[in-house]
Amino acid sequence: GDSVTQMEGPVTLSEEAFLTINCTYTATGYPSLFWYVQYPGEGLQLLLKATKADDKGSNKGFEATYRKETTSFHLEKGSVQVSDSAVYFCALIQGDSNYQLIWGAGTKLIIKP
Amino acid sequence: DTEVTQTPKHLVMGMTNKKSLKCEQHMGHRAMYWYKQKAKKPPELMFVYSYEKLSINESVPSRFSPECPNSSLLNLHLHALQPEDSALYLCASSQGYRGDQPQHFGDGTRLSIL
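Residue numbers (this note's numbering), protein chains in the order written: chain A, 1 to 113; chain B, 114 to 227.
Rather than coming from a laboratory, the hints here were simulated on the basis of the structure. Incorrect hints may appear among the rest.
[Said to hold, decoys possible] Computed footprint of chain B on chain A, listed as stretches where at least three residues anywhere in the stretch have a Cβ under 8 Å from a Cβ of chain B: (1) 11-24; (2) 54-63; (3) 83-95; (4) 98-112.
[As the list claims (entries may be wrong)] Straight-line C-alpha distance at most 25 Å; calculated BS3-like pairs for lysine-lysine: (5) A:K60 with B:K153; (6) B:K166 with B:K153; (7) B:K132 with A:K77.
[To be verified] Quick look at which bits of chain B chain A covers, simulated, 3 or more residues with Cβ under 8 Å: (8) 184-190; (9) 209-218.
Just so we're clear, the structure is a prediction, and the values are computed from it rather than from any experiment. Even for Gly, the Cβ is constructed at its ideal location relative to N, Cα and C.
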């Protein structure tokens, strides 16, 4: 079946460091890919999405590119802030007419000042 | 600020109580969802409503009873819950089921069962 694999956390970085959180997927066909972020004590927020190969999603300085050849959707940010500390979830939806989000396990990010 | 509003934010209840969780969205979305999230885990889908009709029930125990009174509102009625039901309950909505119509989540209700 379809699945999403994320790098294990926690990931601990200093402020202004470069961030990469790896996400790879297994799916037939052409899924849509998402990154969601969950700040402490809050719900999930859609951070960015990409719906076809080579699409780049971006938001709040974060970027991720849909790479079909490597089945990856890695999250990057050039300079992280303490306020970026959160849990990041990679997810996919397979095809149209499909309600089922397939989630990665989540990666906790800790940014130290 | 989230466009999906959930109330209450926190709820503590005994195993014999009856309570309800509420969710509201005004984005004109026609699909609404209930999820359960345990600490440090991704959300687990419970129910899906499409055009105000229940379309998916992911084998959820009958002590959880969903209701969709209209296109903007979604309720989750709780009765005789167990301690293992303590979790964050998230509501989400989406315009439809296409991949470019992502699900938008509320901040959740943190439920504790005594």
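Problem set entry | Hints not upheld, ascending by number | Hints 1, 2, 6, 7 and 8 are the ones this structure does not satisfy, whereas the remaining hints hold.
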